[in-house]
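Enquirer: Take a look at the letters that make up each chain.
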Amino acid sequence: MKTVKSWVLSTTLMGLSGLGQAADLTINIDKVREASGHLFLKVCADVNCWDGDGEPVAKLLIPADTKGVQHVVSDLAPGQYAVIVMHDENDNGKFDMNFMGIPAEGYGYSNNPRVMRKATFDEAAVDVSEAGLTTVLRLR
Amino acid sequence: MHRREFLKALSAVGIAHALPQSGWANGPADTFQAFHRARQRHAWLAGWESIDQTVLPRTAVDVVGDWPAALRGTFYRNGPALFERDGMRYQHWFDGDGMLQAWRLSAAGVTHEARVIDTSKFHDEARAGRFLYNAAGTAIPDARATRNADAVNTANTSVMNLNGQVYALWEGGSAWQVDTNTLDSLGAKTWRDGLESVPFSAHPLFEADGSLWNIGSAAYIGGGTVLIWRIDAKGVLQSITPLDVGHRGYIHSFTMTDRHLLLVLAPLMLDSAVEGPYFDHLHWRPEQASRLLIIDKHDPTQLRQVDLPTGMAFHWADAHERNGDIVLSGAWADSGELANTGFKAVMRGDPVQAAAPTRLTEFRIDNAGRVRSEVLSSHSIEFPEFDRRFDAPGGRTYLLAQPEPNESDYFDTVISINRYTGAVDAFRYGDHHLVEEHRFVPRPGATNRDDGWLIGTAMDYRAGKTMLSVFDACHLADGPLVQATLKRTLPLSFHANFVTA
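Chain order of the listed sequences is X and L.
With this note's numbering, letter number 131 in the first sequence gets 131, and the count goes up by one each step, no holes.
With this note's numbering, letter number 215 in the second sequence gets 215, and the count goes up by one each step, no holes.
It cannot be assumed that every hint is accurate.
No more than 30 Å apart at the CA atoms, straight line, and that leaves these computed lysine-lysine pairs for DSS-like [stated by the list, open to error]:
1) X:K42 to X:K94
2) X:K94 to L:K487
3) L:K465 to L:K487
4) X:K59 to X:K31
5) X:K94 to X:K31
6) X:K31 to L:K297
7) L:K487 to X:K118
8) L:K465 to L:K297
9) X:K31 to X:K42
10) X:K67 to L:K465
11) X:K118 to X:K94
If you anchor each label on the Cβ, the simulated ranges turn out as follows [stated by the list, open to error]:
12) X:K118 to L:G65: 57 to 67 Å
13) L:H283 to X:F99: 24 to 34 Å
14) L:V64 to X:D30: 37 to 47 Å
15) L:H281 to X:D30: 19 to 29 Å
16) X:L60 to L:G27: 33 to 43 Å
17) L:R130 to X:G52: 34 to 44 Å
18) X:F99 to L:D232: 47 to 57 Å
19) X:L60 to L:V371: 32 to 42 Å
20) X:E130 to L:Q40: 52 to 62 Å
21) L:R389 to X:G52: 49 to 59 Å
It should be emphasised that the hints constitute simulated quantities derived from the structure, not laboratory data.
Backbone N, C-alpha and C fix where the C-beta goes; we use that ideal spot for every residue, glycine too.
The whole structure should be built from the sequences, with the hints applied where relevant.
Expert: Dropping the structure here:
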C-alpha cells in the first residue's frame, strides 16, 4: 500500500484549538478500481469547506493504486472531519459525471454513507480524538 | 367465443386475489430456506428457480412439425435468472441477473443457447462467490456502496436489436451490448460522452424507418425528470431531451401514435433517496393521479399532461389518434401494489398474488382532456403484443392469460382479442404449463394486418421441458404449427424479440 503524508494546511485551525494538536487522521483508501489516474482527496473540518466555500484542512492529488492508498493527515486538532476522495481515472483533470450529475468515475466519503447523492458533512464526518483515528474510505 | 361471453365465463370463476398474508421482514437467507422448502412441494416453482449454470452451450433441439421456410432468424429471450449465491436468495423477482437465451432458427434446424449476461455486477459477484450489492428489492448484508446505477445493472428485462447489434435492456441504467453470435458481454453502451449510466428503459419503440424512441426515468433516484431518447436506424444518438414533469411516478413502458409519444406515470413513488432496496422505498399512493404525458414527436419539449384514473400498466399496447381523440390501450391494474407484494411472494415460494387484476384497458382522451376508459378483458392478462406495422384501430391484441384457476396462479394460455369484432381466440397449453411472452412476426411479403406468426415459449414443469411454439397468428385455437422442445426448464423470462435472419 502506498502511503502519503500531509500536514494541515491551515495553522489557524491548530491555533484555535488549545488541546491535543498532534492527532493523526489515517485514511486508508480501499476499492480503487482503476490503476490509472489520480485520487483527489479533500479533508474538511466544517460544512462551509464541505460545500466548497471554506478552506480545506488538506487537499492533494495522489497517484492511484489498485492495491489501496494510505494517506495520513498529521497534527490535527481533535474534532470532526469529513473526507471526500474522487478518482480522476482518465487523468483529464476533472471528475467526470453524466449529464444528470451521476458520477462516471470512482468516489467515496469517510464514514462510507450509503446515499445516492453527495453526502452531507454530518454523514461523512468522523471523530478524530487526541489519540488520532484510522479510518477506511471505500471508493465506489 | 365472443368477447362478452369470454368475459362472463372469466368473471364467473372469481378472480379476486387476497393480499399476501405473510410479511417478509426476514432477510435473503430466510428467503432461500423458504423457497427451497416450498420447491419440494410445488413443481411449478421451477419457473422461479435460480439458474444452475451461467453458460448453456448451443444445443440442437427436437422439432415436431414443419418449420415455416420463411421463418428464419433468432428468437431472443431475457429475464432474471440468477437469484441465489452463497445461501442467499433475492427477495424480489426483478432482482436476478439477466440471462439471455437465443433460439436460432435456420434451414439446418433449431438450436438453443443461453448465458447469464456478464455485467460488471455479475462479474464482481461471481468472483466473490456471493452477492456484494443491494438489489432493487433485496438488502444484502454489508452491501458495497455503488458508484452509479450501472454498477448494479442486471440487464435482465428485454432485448433490443438495432442496426444488427443486440442489447440486453434494464431500466435503471445503460443498455448492455451483447455479441450476437457468442452472447458475450460487450459492456454498457454509452451513446455519447456524458451519458454513462443514464437510464435507458426496456421498451424502446421503433418507427417504420428503423429509428427508435425510448424513455428513461430518474424516478428511481427520486427525481421528477423523464428523458426522451431519439436514436436513428444506424444506432447514432440524435437527441436526448430531459423533461421536468413535476411527477415522480413510476414508468416501465410507453406507447405512441404517429404524432405523439404517450407516457403514463403511475403513483408508485419512491419515498427516500437513501441507498438501499428500491422496492422497500416504493409506495403506492392512490391519492395521487396517474399522469398521462402527451409529447409532440416533432418537439418533445411540447407536452400536455392529463390525469387518468389511478392505476398502472407495466406494459402498453397500441395507440392511435382519430378526430382529435387520442386512444391508447395497455395491461392496466387499478393498483400498483403488485410490484411490492406479488413479485416478492413468489421468491419465497408463494404464488404471484396480484392486489388487483390486470386487464386490457383502452383509454380515450378527447381534445378537452376528458378521459373515457373501457375494460376489454375482465381477468388478468399481461404482455400485450400486436402487429406493429399498423397503428389504426381494429387489429388483434395478443396476450397471456389464465382463464381458469391453476396451481401456479400464473399464465397458461395465449389469447388474442380482435379489437374490431371482440372475438377471442385462445390456446391453453394445458396443466402444468407456465407461459412466457409471445411475439408477432409478420409473414415476409404479407401486407394484411395480423398475417404472420405468433411465436413464444412455454414450460411444462412436470415434464421438465421448454417448448418454442409457432402459431398462425389468426388461428391460435388450432394449436402450434410447429414446436421445438428443449429438454430442460429455465427460469421464466420477461421479454422476447425476434430478429429476422
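Enquirer: Compare the structure with each hint and give your call.
Expert: Do the hints match the structure? See the list:
no.	hint	in the structure
1	X:K42 to X:K94	holds (14 Å)
2	X:K94 to L:K487	violated (54 Å)
3	L:K465 to L:K487	holds (5 Å)
4	X:K59 to X:K31	holds (20 Å)
5	X:K94 to X:K31	holds (20 Å)
6	X:K31 to L:K297	violated (44 Å)
7	L:K487 to X:K118	violated (51 Å)
8	L:K465 to L:K297	violated (45 Å)
9	X:K31 to X:K42	holds (18 Å)
10	X:K67 to L:K465	violated (48 Å)
11	X:K118 to X:K94	holds (16 Å)
12	X:K118 to L:G65: 57 to 67 Å	holds (60 Å)
13	L:H283 to X:F99: 24 to 34 Å	holds (29 Å)
14	L:V64 to X:D30: 37 to 47 Å	violated (57 Å)
15	L:H281 to X:D30: 19 to 29 Å	holds (27 Å)
16	X:L60 to L:G27: 33 to 43 Å	holds (41 Å)
17	L:R130 to X:G52: 34 to 44 Å	holds (38 Å)
18	X:F99 to L:D232: 47 to 57 Å	violated (20 Å)
19	X:L60 to L:V371: 32 to 42 Å	violated (60 Å)
20	X:E130 to L:Q40: 52 to 62 Å	holds (60 Å)
21	L:R389 to X:G52: 49 to 59 Å	holds (55 Å)
Checked against the numbered hints listed earlier, the structure breaks hints 2, 6, 7, 8, 10, 14, 18 and 19; every other hint is satisfied.
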